Structure formats: structure tokens, C-alpha cells
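> Heads up: the protein sequence lines correspond to chains R and X, in order.
In case it helps, our numbering puts the first sequence at residues 56 to 333.
In case it helps, our numbering puts the second sequence at residues 31 to 324.
Where hints are given, some of them may not hold.
These stretches of chain X come out as covered by chain R in the derived footprint (C-beta under 8 Å, 3 or more residues) [stated by the list, open to error]:
1. 63 to 75
2. 151 to 157
3. 213 to 219
4. 237 to 243
Partial pick of chain R residues on the chain X-facing surface, computed with a CB cut under 10 Å [unchecked claim]:
5. Gly116
6. Phe117
7. Ala119
8. Asp135
9. Ser139
10. Leu150
11. Leu151
12. Trp153
13. Lys154
14. Arg210
In short, the hints are calculated from the structure, not lab data.
As the structure is a prediction and not an experimental result, all values here were calculated from the model.
Built from N, CA and C at the ideal position, the CB exists for glycine as well.
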Amino acid sequence: MTTTKPTAASIDVRGLTITLDGPAPIVAVRDLDATIQPGELACVLGPSGCGKSTLLGALAGFIAPTAGAITIDGEPVRGDRLRSDVGVVFQQQTLLPWKTVEDNVAFGLKVRGVGRRERRAAAHDLLAQMGLGDFARAYPAQLSGGMQQRVEIARVLITQPRIVLMDEPFGSLDAQTRLAMQELLLAIWARVGVTVIFVTHDIDEAIFLGDRILVMSPRPGRIREVLPVDFARPRKPELATTAQFAAIKRRCLGLLRDEPFVPTIAPALNERRSHVGH
Amino acid sequence: MSADASLPAPPLDRVARLEDLAARRVTPRGRTPRAWSRVVVRGSSLVAAVALWQWAAVRHADLGIVNFRNVPSPVEVARAAAALLASPKLLFHLRNSLARVLGGFAAAALVGVALGLVIGRGRRARDLLLPTLEVLRPIPGVAWIPLAILMFPSSELSMVFITFMGALFPILLNTIHGVETLDRRLIIAARILGARRLALFREVILPGALPSVMTGLSIGMGTAWFCLVTAEMIAGQYGIGYYTWESYNLQQYPEIVVGMLFIGVFGMLSSALVKHGGALLMPWHRPLPRERTA
């Protein structure tokens, strides 16, 4: 492996509030605090639309905080500048369709001025680790969803980021592929030792992967509770059948369901209730 | 290592979806005929059309609003074509036309793609350039003929200019469209990976717009020929359009049709050239293997 271990970074989020502007401004995240240890795999779990992705956007440096501060290793993150030491894996694949798999993976090195031979070698090395050695010359459209997502991860890791942000990266995969991807991610993460923030709305996924689970509230998102997940590593899928796993899952379900349930017909109901009250 | 690593080589995991399976049933009406019988049907269609033409020309058919009194028969046309093929005139006319069309088209491709990329990317460039271009756009290339003759010292240049004007807008507009409709997620993903201005342009925007650019080039090639032939008929000396019009003036009716056929053949060849060039430039852009509907 040509890559040396990058030094994983710590992240500190203090009083983060993000208002997304638009015709109707949305407070996506309000007064959020979080601390991520170097080399940690932290899962952010929360209902759809709770501001998980917005949080990642702010960490990556492409969404400016409205209030509060984010620091990476004590250094403040600016909202208007992308950081070269933070990698992002999206849910939908964003590989360049006109580049072969190897060139997609090597892309980050190419724009950093690494020579062709060297970057190809690094790409092949990483692809082999991802079980994609035979597909270096294929185009992304020729790969399955799971394979594309592995290329995405390889493409991010090749630049040796200190932090990898993953936004429901396995959300669109089928259950079996997702499980395989989770195991692969853990294996790679154990080898690379990078700080990972993994956003998901899948409770099982969060428990299986994470050192800790940061459970978010519905919008505007805050960290509702931080659950430690103390299972030994390497973890096996059978973990999901243990009582401890079930206990954590129950706790997560409770936290996610604990919110006041707001049905969409709420105004009408309230109205009727107020009539009854009269 | 993981579940889907053992999938077969491309095309991979095109898992059958119900809607695709269902769509396969929705074919044009009638039983799907066999390949050889389709060749026969297509061939007969052509033969029948030529036979109908021969009959109408020989009988001087008069259909009321249209008559075939002065229309040469296919046999006469074939004879005239053979004579032209044997004479040095053909190469001369073709060389002139091809030089004009390729010159005008190449200039339009260069200007159209460059302007399109700049306008598609930059707000300032768009405000600066687009209003003028929008005013010029509805004016057909052919409408430039009189002014072009006045503007350029040689009729040769004016014809190239008209061809250029004809090809410019399809290329320009398709390039702008290609840049504008490029998936923004690809751009942000590339930026996060560290791509800056120049790399972003070269690695993401240009190849991303390429399919649209090629569409523009292909349409532009068609309009380039259209404008050239018209220009040659009006302003030309030599050239295949001029040849066709001159044949009319000299009452050499079979030669008119020969000229038309050559225009068609060369229009088709140049379109095929553009298409082939596109396929070479975009190996990733192969249409997905189509379900065999035949």
C-alpha cells in the first residue's frame, strides 16, 4: 500500500445553528453540540429531514453556519471553503460517467498533480482492496449499485482525508449488498484509521457500524442523545441477533419515536378539539 | 469479498425490472417479422418507389397540381450520373463545396462551442453576449446571403460565412444547454475531491457537455449543407449546388437530379462523420444495449 496512515482528525461542534435560505427559510439545525474523537466512527441517526445532511454540509465546508462554530483539530471550519482533508461520500453515486473506474478513483490525485503512473498504481491498489480489481477499466454505468458505491469510497480514500463524511451511502442498496458494504467499510476503516461520520436513518446500520450513535431530533436538528456502542471489533453480522444489540435498538426506537407525533391533519383536529373545549 | 463482487463482467447486474419486461410487450403493432423478411420489405419499398418514378416520368404523368412532364426518369438520371462520375467536373464541384462546408462548419464549431461553454458557465459572459446572439438567432443563415455578398470581398468568403451562420446557432445553443443541464452533483463532488477551476472545466464540464455538443454539431452539419447549397445557387461559381442550378438554367434536367443526389449523399456522409467522431470521443456514451424489438 502506497498510502501512509493519515492522522485522523477530531471534530468539535459548538452551538451550531444553520438556517437554509430560500423562499421559506428553514432552520435545519439549531444549537447543536457534538464532539468527535480522532479515528472514531460516529453514526448520526435521525428521522428524514432532521438536518443530518445539512450538518455534513457544514462539516465539509460548503454550508456556512448561521451561528456557532465547527473546529477540526482546533482549527475553525470556514463556511465558504472546501477542505482538502475532508472527503464526502454521497448517497447517490456521483462518479464521472466519462471516466473509467480507475480514472475516477485516481481523480483526486490527478487534480493534486500526482503523475499518471503513480496515481494509477494507487488506484489499482485501493480497488484491489475493495474487491474491484477486475473492473478498473469499466465505466461506472457498467457497475452495479454496490460496486459504484465502493468506487465512490475508494475515490475519497485515495486522497487520504483525515475525515470522511458519509451521507446515507448505502441507502439505495438492497439489503444483502448493504450488509456486505457495511462489513467492507468496517474492514477498510480499521485499516485506514480515519475519522468517519456516517449519517443514516437505519438503526441497525448505526449500531453495527458505530463507536457511538448520535441520535438527532426532528428538525430543527439537535443531538438528542449520544449512545455508546461498545461491541468489540471486528464485528460480525450475527451481532444483530444479540440481546445487547436489541437493547440498543430499543433505546434508539424509543428516542426516535419519543417525539410528539404530528399528523398532517393536525390543524383540523386541533380546531375540532378547541370546539369541543368550548 | 462481498456479495456482488462475483457478478459477471459488463453489462452487469441489469436486474430485470418489471416495467422493462412489460415495456418489451409494447412493440409496434403486428407480429415481429424475421430479419430477412424485413430486408426484403425495405428493399421492395425502395424498388417500388423508383419504379413509380420511372413510370411517372416515362408517361409524363399529369396529376393536376403536379406534373412529371419535365422530370427525368431514373434511367436518364443514372446515365447522367455515370457521365458526371467519369468527367473531371465532378471532383472540381465537390472540392469547392466540401471546402466551403467544412470551412464554415469548422469555424462555427470552434466559435459555437467556445461561446457556449463560456455563456453556459459564466453569468457575466451570458449577460454580455447572449442578448446580441438572441437577436441574431431567428435570422436564418440563408437570409444573410445578400448582405454577405455586400460584406465580403469574395463570393467564396461570403458563402463560407453563410454556412458558418447556418451552423453556428445549433452548435451554440446545444453547447449552452449541455453545460446548463450538467448534473451539479458531479461538479460539487469533483470540487470536494479538490478540482479547481481549470481541472473542473477540463475534467467535468467539457466532457459532461460533450453529448449535447455532439448533438449540436450533428444538427449544425445539416444546416451547414442546407445553407451552402442555397448560397451556391445564388452566389456561387462552381460547387454542387451551383451545378444543380446551372443544370436547370441549361435545361439539362437529368443533371438536376444528379446534383440533388450528390448533395444528399454528401450530407449523409458528413453527418455520419460527425456521429462517428462523437462515438470515438465518447466511449462511455454508448446507448444501453437495446432490447431486441425486431
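> Run every hint past the structure and note whether it holds.
A quick look at each hint next to the structure:
Residues of the stretch 63 to 75 of chain X with a Cβ under 8 Å from some Cβ of chain R number 0, which does not satisfy the need for three, so the listed coverage is violated. Counting residues of the stretch 151 to 157 of chain X whose beta-carbon sits less than 8 Å from any beta-carbon of chain R gives 0, not enough to reach three: the coverage restraint is violated. Look at the stretch 213 to 219 of chain X against chain R: 5 of its residues bring a Cβ nearer than 8 Å to a Cβ of that chain, three or more, so the hint holds. Under a criterion of three residues with beta carbons nearer than 8 Å to beta carbons of chain R, the stated coverage of the stretch 237 to 243 of chain X is upheld, 3 such residues being counted.
This hint holds: Gly116 of chain R has a C-beta 9 Å from the nearest C-beta of chain X, less than the 10 Å allowed. Satisfaction of the interface hint for Phe117 of chain R is found here, the shortest Cβ-Cβ separation to chain X being roughly 7 Å, below the 10 Å cut-off. This hint is violated: Ala119 of chain R has a C-beta 15 Å from the nearest C-beta of chain X, more than the 10 Å allowed. Because the beta carbon of Asp135 of chain R sits about 12 Å from the nearest beta carbon in chain X, more than 10 Å, this interface hint is broken.
Of the supplied interface hints, the one on Ser139 of chain R holds, with its beta-carbon coming within about 6 Å of a beta-carbon of chain X, less than 10 Å. With 10 Å as the threshold, the beta carbon of Leu150 of chain R comes within range of chain X, its nearest partner Cβ sitting at about 8 Å, so the hint holds. Interface restraint check for Leu151 of chain R: the shortest CB-CB distance to chain X comes to about 6 Å, inside 10 Å, so the restraint holds. Because the smallest distance between the Cβ of Trp153 of chain R and any Cβ of chain X comes to about 4 Å, under 10 Å, the interface hint for this residue holds.
Hint on Lys154 of chain R holds. Least Cβ distance to chain X is approximately 8 Å, under the 10 Å limit. Proximity of Arg210 of chain R to chain X holds as hinted, the smallest CB-CB distance being about 7 Å (cut-off 10 Å).
Hints 1, 2, 7, 8, counting from the list given before, are not met by this structure.
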